[in-house]
Amino acid sequence: MRVLIPVLLGIFILLPQRVLGHPESGFLPDSIAVTEYRIVLDLNPEDNVTRNKLGIVLIRKGKLKEAEAEFREVLRRAPEDFDAHDGMGLVMLRMGRLRESVEWFKKAVRLNDRDPMVYYHLGLALSGMGEKERAVTMYEKSLNLKESDIVRKELERIRNER
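FYI, in numbering that gives the first Met the number 0 the residues of the sequence shown are 0 to 161.
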């Protein structure tokens, strides 16, 4: 680790566009992405885009409290940040705090009603609460914005349960 951070820092300074491009494209493992994002945030703590990306990677790694802290930091500085609201909804969803997740996703929809994934996320939370009809509506809204095999499969699964 003592060698890795200076090497990554050197790469960041010499090739910033490459360093910032890798994690979001999925070429690096999450553990490397976390390190990269933290280096970027050490250099620019006000970078909400990177902080939101770090939060998403932390969710994937199951570090929900850390992810929540990152999203809350973004929201402290930018209360209307769509990605942070969606991210908080995902954290609450993964924690099993479904009612809270629904509220976060609803706030995200109010900020950006053209994002198909937020409707999918809201549908997952509603489905988890047993509100299948409302979940179906959210999945349909998601699919109206953009076709997705994942959303289509979830919609079919719920329809088959009814």
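Rather than coming from a laboratory, the hints here were simulated on the basis of the structure.
Here the structure is a predicted model, which means the values were calculated and not measured.
Among the clues, some could well be false.
As the list claims (entries may be wrong) - No more than 25 Å apart at the CA atoms, straight line, and that leaves these computed lysine-lysine pairs for PhoX-like:
{"hint": "1", "residue 1": "Lys145", "residue 2": "Lys131"}
{"hint": "2", "residue 1": "Lys105", "residue 2": "Lys152"}
{"hint": "3", "residue 1": "Lys131", "residue 2": "Lys152"}
{"hint": "4", "residue 1": "Lys140", "residue 2": "Lys152"}
{"hint": "5", "residue 1": "Lys131", "residue 2": "Lys64"}
{"hint": "6", "residue 1": "Lys145", "residue 2": "Lys106"}
{"hint": "7", "residue 1": "Lys62", "residue 2": "Lys106"}
{"hint": "8", "residue 1": "Lys131", "residue 2": "Lys105"}
{"hint": "9", "residue 1": "Lys106", "residue 2": "Lys140"}
{"hint": "10", "residue 1": "Lys140", "residue 2": "Lys105"}
{"hint": "11", "residue 1": "Lys145", "residue 2": "Lys105"}
{"hint": "12", "residue 1": "Lys106", "residue 2": "Lys131"}
{"hint": "13", "residue 1": "Lys105", "residue 2": "Lys64"}
{"hint": "14", "residue 1": "Lys62", "residue 2": "Lys105"}
Stated by the list, open to error - Computed beta-carbon distance windows for the label pairs:
{"hint": "15", "residue 1": "Ala68", "residue 2": "Glu139", "range": "30 to 36 Å"}
{"hint": "16", "residue 1": "Arg161", "residue 2": "Leu27", "range": "19 to 25 Å"}
{"hint": "17", "residue 1": "Arg151", "residue 2": "Gly127", "range": "15 to 21 Å"}
{"hint": "18", "residue 1": "Lys60", "residue 2": "Arg98", "range": "32 to 38 Å"}
{"hint": "19", "residue 1": "Glu130", "residue 2": "Asn43", "range": "25 to 31 Å"}
{"hint": "20", "residue 1": "Ile31", "residue 2": "Glu99", "range": "16 to 22 Å"}
Beta carbons are placed, not taken as given, at the ideal position from N, Cα and C, and that holds for glycine.
Hint by hint, here is what the structure shows:
Proximity of lysine 145 to lysine 131 is assessed by CA-CA distance (about 21 Å); at most 25 Å being required, the pair is judged to hold. Between the alpha carbons of lysine 105 and lysine 152 the distance comes to roughly 23 Å, so the proposed pair stays at or under 25 Å and holds. Between lysine 131 and lysine 152 the alpha-carbon distance is near 14 Å, which keeps this suggested pair within the 25 Å criterion. Distance hint between lysine 140 and lysine 152 is fulfilled; the C-alpha atoms sit about 14 Å from each other, no more than 25 Å.
Of the pairs offered as hints, the one joining lysine 131 and lysine 64 is violated, with about 29 Å between alpha carbons and a cut-off of 25 Å exceeded. Distance hint between lysine 145 and lysine 106 is fulfilled; the C-alpha atoms sit about 20 Å from each other, no more than 25 Å. Only pairs whose Cα atoms come within 25 Å are accepted, and lysine 62 paired with lysine 106 is accepted, the gap being roughly 23 Å. Only pairs whose Cα atoms come within 25 Å are accepted, and lysine 131 paired with lysine 105 is accepted, the gap being roughly 17 Å.
This hinted pair checks out: lysine 106 and lysine 140 have alpha carbons roughly 16 Å apart, not beyond 25 Å. Distance check on the hinted pair: lysine 140 and lysine 105 sit about 13 Å apart at the alpha-carbon level, within 25 Å; holds. Note on lysine 145 and lysine 105: the hinted pairing holds, with a Cα-Cα distance of about 19 Å set against a maximum of 25 Å. A hinted pair counts as satisfied when its Cα atoms are at most 25 Å apart, and lysine 106 with lysine 131 qualifies at roughly 20 Å.
Pair hint lysine 105 plus lysine 64 holds up; C-alpha atoms about 21 Å apart against a cutoff of 25 Å. Between the alpha carbons of lysine 62 and lysine 105 the distance comes to roughly 23 Å, so the proposed pair stays at or under 25 Å and holds. Restraint check, alanine 68 to glutamate 139: a C-beta distance of roughly 34 Å satisfies the suggested window 30 to 36 Å. For arginine 161 paired with leucine 27, a C-beta distance near 41 Å fails the hint of 19 to 25 Å.
Under the hint 15 to 21 Å, the C-beta atoms of arginine 151 and glycine 127, about 19 Å apart, fit the expected range. Roughly 25 Å separates the CB atoms of lysine 60 and arginine 98, a value that falls outside the hinted 32 to 38 Å. Taking the beta carbon of each, glutamate 130 and asparagine 43 are about 41 Å apart, not inside 25 to 31 Å as hinted. The hinted window of 16 to 22 Å between isoleucine 31 and glutamate 99 is violated, with their beta carbons roughly 31 Å apart.
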